[in-house]
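Here the protein sequences come in this chain order: A and B.
Position 189 of the first sequence, counting from 1, maps to 189 under the numbering used here, and the rest follow consecutively.
Position 87 of the second sequence, counting from 1, maps to 87 under the numbering used here, and the rest follow consecutively.
Hints were generated in silico from the structure; no laboratory data involved.
Model, not experiment: these values are computed from the prediction.
We put the CB at the ideal spot given by N, CA and C, even for glycine.
It is possible that part of the hints are untrue.
Below, computed lysine-lysine pairings styled on DSS-like, alpha-carbon distance capped at 30 Å [said to hold, decoys possible]:
(1) A:Lys125 with B:Lys161
(2) B:Lys161 with A:Lys169
(3) A:Lys125 with A:Lys138
(4) A:Lys138 with A:Lys73
(5) A:Lys73 with B:Lys161
(6) A:Lys125 with A:Lys242
(7) A:Lys73 with A:Lys84
(8) A:Lys84 with A:Lys125
(9) A:Lys242 with A:Lys169
(10) B:Lys161 with A:Lys242
A few chain B residues that face chain A, going by a derived Cβ cut-off under 7 Å, partial list only [stated by the list, open to error]:
(11) Leu118
(12) Glu120
(13) Gly144
(14) His145
(15) Arg149
(16) Ala199
(17) Trp248
Distance windows between CB atoms, simulated [claimed, not checked]:
(18) A:Ala133 with B:Arg90: 54 to 60 Å
(19) A:Arg23 with B:Asp91: 22 to 28 Å
(20) A:Leu185 with B:Ala17: 55 to 61 Å
(21) B:Gly228 with A:Glu193: 56 to 62 Å
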Amino acid sequence: MPDVETRTRAADAASEAPALALRDVGVVFGAEANRPVLANISLDVREGEFLSIVGPSGCGKTTLLRLLAGLMKPTTGDVLFEGKRVDGPSRARAIVFQDYANALLPWRTVAGNIALPLERAGLSKPEREARVAALVAKMGLDAAANRYPAQLSGGMQQRVQIARCLAQKPRVMLMDEPFGALDALTRQTLQDELLALAAEQRVTTVFITHDLEEAIYLGDRVIALAANPGRVVETIDVGLPKPRNQLTTREDPAFLARRHRLFGLLQGH
Amino acid sequence: MSRTLNALPPLLFAAAALLAWWLVTEFRLVSPVFLPTPARTFDELAGRFADGSIWTSLFATLARMILGWLLASLAGVALGAAIGLTPLARDLLSPTLEFLRPLPASAMIPVAILFFGLSEQMAVFVIAFGSIWPVLMSSVFGFGHVSPRLREVSAALGLTKWEFLGKIATPSAMPDIVAGMRSGLAVSLILAVVTEMQASLPGLGRDIFLAQRSFRGTELYAGLIMLGVIGVAINHGLGLAERRLLRWRARDA
Numbered sequence: 001m002p003d004v005e006t007r008t009r010a011a012d013a014a015s016e017a018p019a020l021a022l023r024d025v026g027v028v029f030g031a032e033a034n035r036p037v038l039a040n041i042s043l044d045v046r047e048g049e050f051l052s053i054v055g056p057s058g059c060g061k062t063t064l065l066r067l068l069a070g071l072m073k074p075t076t077g078d079v080l081f082e083g084k085r086v087d088g089p090s091r092a093r094a095i096v097f098q099d100y101a102n103a104l105l106p107w108r109t110v111a112g113n114i115a116l117p118l119e120r121a122g123l124s125k126p127e128r129e130a131r132v133a134a135l136v137a138k139m140g141l142d143a144a145a146n147r148y149p150a151q152l153s154g155g156m157q158q159r160v161q162i163a164r165c166l167a168q169k170p171r172v173m174l175m176d177e178p179f180g181a182l183d184a185l186t187r188q189t190l191q192d193e194l195l196a197l198a199a200e201q202r203v204t205t206v207f208i209t210h211d212l213e214e215a216i217y218l219g220d221r222v223i224a225l226a227a228n229p230g231r232v233v234e235t236i237d238v239g240l241p242k243p244r245n246q247l248t249t250r251e252d253p254a255f256l257a258r259r260h261r262l263f264g265l266l267q268g269h
Numbered sequence: 001m002s003r004t005l006n007a008l009p010p011l012l013f014a015a016a017a018l019l020a021w022w023l024v025t026e027f028r029l030v031s032p033v034f035l036p037t038p039a040r041t042f043d044e045l046a047g048r049f050a051d052g053s054i055w056t057s058l059f060a061t062l063a064r065m066i067l068g069w070l071l072a073s074l075a076g077v078a079l080g081a082a083i084g085l086t087p088l089a090r091d092l093l094s095p096t097l098e099f100l101r102p103l104p105a106s107a108m109i110p111v112a113i114l115f116f117g118l119s120e121q122m123a124v125f126v127i128a129f130g131s132i133w134p135v136l137m138s139s140v141f142g143f144g145h146v147s148p149r150l151r152e153v154s155a156a157l158g159l160t161k162w163e164f165l166g167k168i169a170t171p172s173a174m175p176d177i178v179a180g181m182r183s184g185l186a187v188s189l190i191l192a193v194v195t196e197m198q199a200s201l202p203g204l205g206r207d208i209f210l211a212q213r214s215f216r217g218t219e220l221y222a223g224l225i226m227l228g229v230i231g232v233a234i235n236h237g238l239g240l241a242e243r244r245l246l247r248w249r250a251r252d253a
């Protein structure tokens, strides 16, 4: 089982360093480097945790995720993955984009999209097909395996993108408002599926959202960002029991207390 | 079902055009030397099929045209990918291409004759020169407009440059490439005919040219009808290929 091997390797690294870390990171945009987007951000993402990052639009959430992915470099400071400086994207850190429609290859079927990361992994065709079939089943995409993305609903398309990420066996999953464009019911279903997956795969997850309740419902911890420039204003341990439940968790007084606190913080800035 | 219904009015229009042709010739509104009757024209065509003489011309024209078009498509897509994907190639090649592009392909015929003589190579060169532009231009656009999101997906998955080219950029540019190749094919038919007339190479173009010179009206129009049929057949074939190649674009299948 490669899973076990991956986990032990990650666990070894975790004993010395957090899965991901930002050290005094600043990002400045603009021709004269005059638009600070993120300022003095320092944070750790612990091995195996589910970290939500919440903040108003324009607070640099997406920029932060792109830094962690290695899709861009910070102007100042360091981004570390398992203790080593990030200098580009890596298959160990999968990204789930919000705009699933653009992130899938429209000319490949569902199965073809999920197979994409496996084509380089040195797998034989039967092995690859078996892995794809397993992921298709896990994400409830059986009926859609041979359809093209344009033929699927938004929720199904996002499932395909998550399955494609899982196919690359990442140690970290970076998610940029993945459910932001979905309707409320689909969103709740996918939230619960994601929690189950993250627990089962023990994959470290960073989840960006502008939805406070979603951040608390999913997260082990929530980091709140404020805008202009983007900075950390608060880190809270959620501390609600798992598995979470769409009804009871959201009615839990502790849940409501966290929500009040974050709401007040984000309003205050 | 609506497709069959929609096919009726165009067929009626074509029949009306034939009828008009027949009326014009029947009442001698135009001299039969310039415009023979439809019946005589189709007789001529049937005769050329019966004695097999048309196949030689047809294959000569088709072979020349398709060879020139394929070369143009290969070169156009390769150049288009280079220009669309790499700023270096764009800066290096664009000025020269912008100079060459407005040159009428027929103006290249004398140059091609200088280099290749009155030969097949000359014709293929001219056809390729003329039909490369639509493919090249649309390939540049297609490869230049791969969505930034897909570039990031490619980077996140650690795809190599060649994997990006084969698995992301080329399929992404394919609708533009196919559209360009369709326009290129129309140009290649024109130039196949023009080069045949200029260099007296065997083919439908030369047949038409010689028929006109010797006032063989029926032969002239028979040749024109064949060219029209080629155009329709090829466009239809490409349409089918396009639908197969780009079937992922259909919303329901």
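Within 30 Å, alpha carbon to alpha carbon, are Lys73 (chain A) and Lys161 (chain B)? Holds, at about 21 Å.
Would you mind confirming whether the straight-line C-alpha gap from Lys242 (chain A) to Lys169 (chain A) stays at or under 30 Å? holds (24 Å)
Looking only at beta-carbon atoms, does the pair Leu185 (chain A), Ala17 (chain B) fall within the given range of 55 to 61 Å? The hinted range 55 to 61 Å holds for Leu185 (chain A) and Ala17 (chain B), with Cβ atoms some 58 Å apart.
Satisfaction of the hinted span 54 to 60 Å by the C-beta atoms belonging to Ala133 (chain A) and Arg90 (chain B): Hint violated: Cβ distance 43 Å, outside 54 to 60 Å.
Using the beta carbons of Arg23 (chain A) and Asp91 (chain B), state whether their distance is inside 22 to 28 Å or not. At roughly 39 Å between Cβ atoms, Asp91 (chain B) and Arg23 (chain A) fall outside 22 to 28 Å, so the hint is violated.
Per-residue hint verdict: Trp248 (chain B), partner chain A, C-beta under 7 Å: holds (4 Å)
Given Glu120 (chain B) as an interface hint, is the shortest Cβ-Cβ distance to chain A below 7 Å? This hint is violated: Glu120 (chain B) lies away from chain A, its Cβ roughly 37 Å from the closest one there, beyond 7 Å.
May I ask you to test the interface hint for Ala199 (chain B) with respect to chain A, counting a Cβ-Cβ separation under 7 Å as satisfied? violated (42 Å)
Does the alpha-carbon distance linking Lys161 (chain B) and Lys169 (chain A) stay inside the 30 Å limit? Holds. Lys161 (chain B) to Lys169 (chain A) sits at ~22 Å (cutoff 30 Å).
So if I understand the rule, the pair passes when the alpha-carbon distance is 30 Å or less; does Lys125 (chain A) with Lys138 (chain A) pass? This hinted pair holds, its Cα atoms lying about 20 Å apart.
Classify the hint on Gly144 (chain B) as holds or violated, based on whether any CB of chain A lies nearer than 7 Å to its CB. This hint is violated: Gly144 (chain B) lies away from chain A, its Cβ roughly 17 Å from the closest one there, beyond 7 Å.
Closer than 7 Å between Cβ atoms is the bar; does Arg149 (chain B) clear it against chain A? Give me holds or violated. Where the cut-off is 7 Å and the nearest Cβ of chain A is about 4 Å from Arg149 (chain B), the hint holds.
The structure fails to meet hints 4, 6, 8, 10, 11, 12, 13, 14, 16, 18 and 19 from the earlier list, while all remaining hints are met.
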